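Colleague: This is what each chain is made of:
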Amino acid sequence: GDSVTQMEGPVTLSEEAFLTINCTYTATGYPSLFWYVQYPGEGLQLLLKATKADDKGSNKGFEATYRKETTSFHLEKGSVQVSDSAVYFCALNSGYSTLTFGKGTMLLVSP
Amino acid sequence: DVKVTQSSRYLVKRTGEKVFLECVQDMDHENMFWYRQDPGLGLRLIYFSYDVKMKEKGDIPEGYSVSREKKERFSLILESASTNQTSMYLCASNRDVSNQPQHFGDGTRLSIL
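Going down the list, the sequences are from chains V and L. First residue of the first sequence? That's 1 in the numbering used here, and the numbers climb one at a time after it. First residue of the second sequence? That's 1 in the numbering used here, and the numbers climb one at a time after it.
No lab work stands behind these hints: they were computed from the structure. It should be emphasised that the depicted structure is a prediction, and the values quoted were computed from it without experimental measurement. Incorrect hints may have been included.
As the list claims (entries may be wrong) - Output of the computed footprint for chain V on chain L, the stretches with three or more beta carbons under 8 Å from beta carbons of chain V:
| # | stretch |
| --- | --- |
| 1 | 29-43 |
| 2 | 73-84 |
| 3 | 105-112 |
Idealized CB from N, CA, C, for every residue including glycine.
The task is simple: from the sequences and hints, build the whole structure.
Modeller: Set out below in C-alpha cells:
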C-alpha cells in the first residue's frame with residue numbers, strides 16, 4: 001500500500017537558517033504530493049502541492065520538487081522565521097479520495 | 001476559500017456518554033473525512049463519506065459511527081465514550097476528482113473524563 005516517511009523531529013533552527021524537511025513515499029501509479037502545515041492549536045492548512053514528476057510547488061517562501069526517480073518531495077525554505085514554527089505533514093494522493101500522511105515533523109525556530 | 005467548520009474547539013465529556021462532533025463545509029464537496037490526531041501517531045482516518053448517506057470505514061473505525069444526512073454536514077458519533085478516545089479530531093473535505101487536496105477544519109480537542 002501507499003506510505004509516506006518523514007524525518008523525525010523536532011527540527012530546531014535559528015531564525016534565517018536554511019530549512020530542509022525530508023519526505024519520501026511509496027505509491028502505486030502517479031500520485032499527487034502535498035505539504036500541509038499545522039500551527040499550534042489549529043487544523044491543517046495546505047502549504048503547497050505538485051501533481052506530476054518534476055513539478056515544483058511553492059508558497060510563502062517554501063518549495064518542494066516532485067522527484068519521481070528518488071520518490072521524494074523534500075520541503076525547503078531559504079530563511080526561516082519564528083512564525084514558521086509549526087508541524088509539517090507530507091501527504092500523497094494516488095488518485096483515490098483519501099490521502100496518505102506522514103507522521104509530521106515539528107519545526108521550532110528561535111530568534 | 002473553502003471553509004470547513006467544526007462545531008466545537010474544545011469539548012469535555014464523561015465516560016459512557018454519547019458524543020456528537022459536527023462538521024460543515026461550504027464548498028459543495030462530495031467527500032468528507034474524520035481523522036484523529038495523537039502525538040507520535042500522526043493522523044489516522046476514522047471514517048469518510050463520498051456522498052449523502054454513504055460511508056466507508058477508515059483505519060480505526062472501532063468505537064465510532066458517522067452520519068451524513070446532508071451533503072454539507074458530516075457528524076462523528078462516539079457511541080459510548082471512553083478515555084482512550086481523548087484526542088484531537090479533525091474534519092476535512094474535498095471534491096471527488098482525482099488527486100485533490102483535502103481542506104481541514106480547526107479541529108476539536110476532546111477530553112473524556
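Colleague: Work down the list of hints and note, for each, if the structure agrees.
Modeller: Status of the hints after comparison with the structure:
1. 29-43: That given contact holds, which follows from 6 residues of the stretch 29-43 of chain L lying within Cβ reach (below 8 Å) of chain V.
2. 73-84: As far as the stretch 73-84 of chain L goes, the hint is violated, because 0 residues have Cβ atoms under 8 Å from chain V.
3. 105-112: holds (count 3)
The structure is inconsistent with hint 2 alone, although it conforms to all the rest.
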